[in-house]
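Just need the whole structure built from these sequences, with the hints factored in.
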Amino acid sequence: MRISINWLKEMVATDVDPRGIAERLTLAGLAVDTIEEIGGDTLFEFDITSNRPDALSHFGIAREVAALFDAPLAAPVATVEESGPATETLTSVAIEDAELCPRYVARVIRGVKIGPSPGWMVRRLEALGQRSINNVADVTNYVLLEQGHPLHAFDFNLLGGNRIVVRRARPGERIVTLEKLATGDEFREIELRDDMLVIADADVPVAIAGIKGGKGTGISDATVDVLLEAAYFQPAGVRRTARALKLDTDASHRFERGADIEATTRAIDRAAALIVEVAGGTVSRGVVDCYPRPAVRTPIPLRRSRVEALVGYEVTFDRMVDALRGLGFAVEPLRDTEELLAVAPSYRVDVAIEEDLVEEVARALGYGLVPSTLPPWGGSGTYLAGETERRAVRETLQAIGFNEAISLSFVDRALDDEFACTELDRAAAAGVDLVNPVLDNKPRMRSSLLTGLVEAYETNAKHGTRNVRLFELGKRFLRPADGERPVERETIGVLIAGTVDDADHRDRRDADFYDIKGAVEAVIRALRLPSFTFERARVECLHRGQAARIVRDGHVLGICGRVSPELATRRKFKSQVFLAELALDRMLGIEPTPVTYRRLPRFPSVVRDVSILVPKAVDYSDIVSGVRALGIPDLADFVLYDIFTGGSIPGDHLSMTLRATFRSEERTLTDDEVSASHRSIVDELASRFGASLR
Amino acid sequence: MSTNFESLHDQFDREVASVSDAESLRALRDRWLGRKAGLVTDVRKQMGAVASEDRAAFGKAFNALQQHVEAGLDRVSAEIANRERDATIARETVDITLPGRAAPLGHRHPITILRQNIEDIFVRMGYSVEDGPEIETTFFNFDALNIPDGHPARESQDTMYVSEDLALRSQTSTVQIHAMQRRQPPLRVIAPGRVFRRDTPDATHNPMFFQVEGLNVAEGITLADLRGTCEEFVRQLFGADAPVRFRASYFPFVEPGCEFDYQCFVCKGTGCRVCKGSGWIEMGGAGMVHPHVLRTVGIDPERFSGFAFGFGIDRLAARQFDLDDIRLLFANDLRFLEQF
Chain A
1 MRISINWLKE MVATDVDPRG IAERLTLAGL AVDTIEEIGG DTLFEFDITS NRPDALSHFG
61 IAREVAALFD APLAAPVATV EESGPATETL TSVAIEDAEL CPRYVARVIR GVKIGPSPGW
121 MVRRLEALGQ RSINNVADVT NYVLLEQGHP LHAFDFNLLG GNRIVVRRAR PGERIVTLEK
181 LATGDEFREI ELRDDMLVIA DADVPVAIAG IKGGKGTGIS DATVDVLLEA AYFQPAGVRR
241 TARALKLDTD ASHRFERGAD IEATTRAIDR AAALIVEVAG GTVSRGVVDC YPRPAVRTPI
301 PLRRSRVEAL VGYEVTFDRM VDALRGLGFA VEPLRDTEEL LAVAPSYRVD VAIEEDLVEE
361 VARALGYGLV PSTLPPWGGS GTYLAGETER RAVRETLQAI GFNEAISLSF VDRALDDEFA
421 CTELDRAAAA GVDLVNPVLD NKPRMRSSLL TGLVEAYETN AKHGTRNVRL FELGKRFLRP
481 ADGERPVERE TIGVLIAGTV DDADHRDRRD ADFYDIKGAV EAVIRALRLP SFTFERARVE
541 CLHRGQAARI VRDGHVLGIC GRVSPELATR RKFKSQVFLA ELALDRMLGI EPTPVTYRRL
601 PRFPSVVRDV SILVPKAVDY SDIVSGVRAL GIPDLADFVL YDIFTGGSIP GDHLSMTLRA
661 TFRSEERTLT DDEVSASHRS IVDELASRFG ASLR
Chain B
1 MSTNFESLHD QFDREVASVS DAESLRALRD RWLGRKAGLV TDVRKQMGAV ASEDRAAFGK
61 AFNALQQHVE AGLDRVSAEI ANRERDATIA RETVDITLPG RAAPLGHRHP ITILRQNIED
121 IFVRMGYSVE DGPEIETTFF NFDALNIPDG HPARESQDTM YVSEDLALRS QTSTVQIHAM
181 QRRQPPLRVI APGRVFRRDT PDATHNPMFF QVEGLNVAEG ITLADLRGTC EEFVRQLFGA
241 DAPVRFRASY FPFVEPGCEF DYQCFVCKGT GCRVCKGSGW IEMGGAGMVH PHVLRTVGID
301 PERFSGFAFG FGIDRLAARQ FDLDDIRLLF ANDLRFLEQF
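Quick mapping for you: the protein sequence lines, in order, are chains A and B.
Under the working numbering, residues 1 to 694 are what the first sequence spells out, in order.
Under the working numbering, residues 1 to 340 are what the second sequence spells out, in order.
In short, the hints are calculated from the structure, not lab data.
Because the structure is a prediction, the values reported are computed rather than measured.
A virtual CB, placed ideally from N, CA and C, is assigned to each residue, including glycine.
Among the hints, a few may not be true.
Stated by the list, open to error - Far from chain A by the CB rule (all over 12 Å, computed), these chain B residues:
#1 18
#2 40
#3 45
#4 55
#5 91
#6 120
#7 188
#8 223
#9 281
#10 296
#11 312
Stated by the list, open to error - Pair ranges (Cβ atoms, derived):
#12 A/346 to B/274: 51 to 61 Å
#13 A/391 to B/219: 31 to 41 Å
#14 B/93 to A/380: 28 to 38 Å
Right, dumping it as structure tokens:
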């Protein structure tokens with residue numbers, strides 16, 4: 001909202017410069033966003049919070065300035081010269097729904113001459129961004145800017161029966177509004193619902209109450225007699241109708257926040273006087289004031305002790321009283337108890353309870369008076385459960401070269417479905433769709449973190465960044481099949497693509513399955529999760545030969561593998577992409593392996609390597625568990641040392657070197673003992689896995 | 001027969017000067033000190049034939065010769081060893097300006113960096129970090145926060161819904177309600193997390209961002225405590241003292257309500273580019289918890305009072321790192337992420 005300082009100063013006398021006024025208003029809650037100096041005037045652009053509709057006009061701001069600077073206030077003068085017949089003999093107002101319209105005031109001005117407004121009015125309107133229409137319409141806009149109360153002017157002679165009926169629309173009723181369609185000169189026609197309040201004449205709706213006038217009864221060059229409306233409409237009703245019709249007008253903006261029900265007569269008098277001034281005519285005698293339910297404002301009690309308890313500094317009783325009176329409150333002080341009863345002025349629709357009065361006092365005194373203290377405390381702070389583990393995961397992944405991603409929680413539905421993973425939990429759950437997404441192409445709450453990471457890979461590839469190592473910690477969203485409310489699962493997503501440096505300047509290689517598996521293992525180690533296994537898995541989005549699930553006690557903790565060739569082709573991936581998704585919420589529920597100390601070995605160990613040729617179909621884990629099952633007592637360790645394919649190795653085989661470490665806790669092992677154990681390993685490998693010694 | 005010691009000295013000096021490597025040094029050592037046919041050994045063998053009155057002089061001259069030869073050989077030996085060591089070092093010299101070898105470190109997201117900082121500060125100040133669902137019932141997102149039906153903030157142009165009564169939380173203030181339902185005062189809570197608003201993305205808006213909500217409810221909590229707490233937080237976050245000021249404002253769940261700014265510590269309040277000339281930098285919204293909110297969770301507002309505050313981590317990050325476009329925060333562009 002724009003305010004002209006020159007106009008403002010016609011209503012409040014102060015020598016404070018515009019910057020000083022802007023700063024004080026801003027601190028008091030009426031925020032001045034920008035200050036602009038134009039043609040000898042200064043314009044403030046305000047950002048008024050929705051609780052202060054009283055400040056949506058020059059007079060409203062002037063009231064506040066007068067209170068804050070203790071300056072004299074001059075309300076806009078309206079001297080209406082009435083003549084001719086009494087208004088109530090010319091027209092009548094009937095309110096059928098006093099809930100939605102508690103007050104309707106009308107005046108009739110006869111014999112006006114419609115034409116352009118005088119220059120001073122045009123300039124004032126245009127400086128504030130309001131286009132000049134004609135003298136009568138301009139007056140209603142002028143009074144709105146001046147006093148904040150929306151008015152409407154009808155062509156009196158076009159009102160059927162020359163009267164006003166305030167009622168709900170009847171089913172099927174329509175109205176052509178004064179709103180022009182974006183396409184051209186056509187006016188918008190609206191079909192009304194029966195919960196919408198309209199202003200009607202004897203027959204049909206002539207305006208949507210508090211929102212928009214109808215075209216049929218609008219002011220035109222042919223208008224001679226004018227009926228002026230100044231009414232109060234219930235905020236919720238105006239808001240409901242304005243939203244339903246997608247209409248946001250200066251009038252609805254004010255009515256839906258709460259207009260000043262007592263300002264109706266002042267505004268209509270001011271407008272009538274101005275119309276006579278700029279368009280001639282005579283104002284008929286008296287107003288028709290239909291006010292079936294006069295507003296009752298209840299006194300609100302305020303204790304001095306309550307003020308001090310909330311603001312944290314001493315406030316004298318007199319200062320409280322003065323502050324509220326300055327802001328227009330009617331105050332009844334009860335000095336014995338240092339309490340007061342305050343009745344808010346009719347325009348302060350936001351003040352309802354004691355704490356609201358505390359804020360008024362604090363605003364008037366200035367928030368700058370609030371001292372700075374630290375509250376005493378005897379307890380200690382705590383992190384969210386699992387925060388140590390979350391930080392450990394982040395640090396571990398970071399240490400092995402992963403950058404942390406944060407993706408929008410909403411995703412493309414089709415892409416999200418690509419990563420729906422039955423191994424995790426999508427079998428029993430669907431995605432969560434937004435009713436009103438902000439991005440049309442992202443209407444789904446992600447059911448997988450992989451969706452965002454894959455999009456990140458594609459974005460980076462587009463920028464020429466081929467080597468991508470990303471992870472994200474966040475929630476995914478699932479709608480259980482039983483229709484219960486969506487569940488949120490804390491999850492880790494990991495993505496690798498491109499080449500792996502292997503920490504060497506000269507030796508680069510393409511990422512493969514074992515890189516993603518390594519990342520998963522690093523996370524598991526960081527969380528110190530006990531006894532888990534990798535098992536072959538069928539995951540829709542992953543390569544059938546390079547997909548695994550991570551299992552513990554029969555529960556799947558996550559999946560990892562390479563993106564399926566079909567998906568990679570469809571998405572036009574330029575390199576192989578490896579993914580992992582881990583159920584962090586489940587992992588955090590597992591008791592970690594405690595840190596324990598084992599004595600260092602007292603006797604030397606003996607290392608023997610076994611190099612074998614095995615068919616590719618044999619799983620390494622079977623080899624290890626087969627050897628472990630032999631129960632060799634002094635076999636301390638048995639691990640892969642080296643693997644080799646190609647060269648002289650047959651295509652369906654691979655060469656594996658396994659390293660066995662023998663050690664006894666009681667004595668030094670003899671060469672014969674070690675050789676015997678070694679031989680039993682070799683025999684087992686040969687007989688069970690068809691391995692031949694190399 | 002007399003021995004010409006002088007010419008032997010000269011001869012040795014000539015020969016030793018031409019020695020260039022360990023090989024020729026060994027040959028020279030054999031030629032002069034060889035046990036059987038060394039030139040010095042030969043001289044010693046002549047000792048018996050020297051007349052007894054000359055023997056002392058001969059012996060002295062012999063010792064001098066022997067010491068001269070040994071010293072000469074040792075000196076050259078040391079020279080050769082030095083030369084070889086230098087050669088080895090030269091051979092093993094590397095280009096120390098080549099990059100070091102270690103797995104490249106990844107980077108924390110700037111939001112995470114700030115979020116962890118903020119959590120650490122408030123935990124030190126006795127606050128507990130809490131969390132709540134990101135998909136909330138309208139009760140927690142609106143009603144309990146004193147945002148009644150029909151309030152503009154509830155409208156679908158501001159809030160994203162997944163069903164009629166479930167919305168993406170539009171502020172972390174929802175966690176206040178969960179925290180106060182779980183525990184009675186005194187309580188100190190902060191709740192960092194994702195929130196969602198229906199803003200079309202541009203350089204200064206994202207439909208998702210990160211907020212931190214703070215709540216302190218106990219007997220006797222005042223606006224002064226809020227101010228002191230904000231100032232202590234700013235001091236710990238930026239490592240500089242900066243006064244905090246309140247501007248009256250409106251949030252339905254606080255009364256009195258305000259926005260809080262900290263004084264720009266680049267210009268100390270005189271106005272500069274960082275604070276856009278105002279001397280103050282906007283931080284967030286705050287106030288005293290509204291009595292309706294306290295009553296909703298069964299806390300007696302006559303006995304307990306509390307302050308609440310909220311601010312955006314994204315905006316803090318944008319200012320701290322001077323970001324020109326906050327969409328970068330969620331674009332996951334490695335060229336961006338690797339800078340933190």
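For each hint, the structure was consulted:
| no. | hint | in the structure |
| --- | --- | --- |
| 1 | 18 | holds, 45 Å |
| 2 | 40 | holds, 53 Å |
| 3 | 45 | holds, 57 Å |
| 4 | 55 | holds, 64 Å |
| 5 | 91 | holds, 20 Å |
| 6 | 120 | violated, 9 Å |
| 7 | 188 | violated, 7 Å |
| 8 | 223 | violated, 5 Å |
| 9 | 281 | holds, 14 Å |
| 10 | 296 | holds, 14 Å |
| 11 | 312 | holds, 14 Å |
| 12 | A/346 to B/274: 51 to 61 Å | violated, 44 Å |
| 13 | A/391 to B/219: 31 to 41 Å | holds, 35 Å |
| 14 | B/93 to A/380: 28 to 38 Å | violated, 56 Å |
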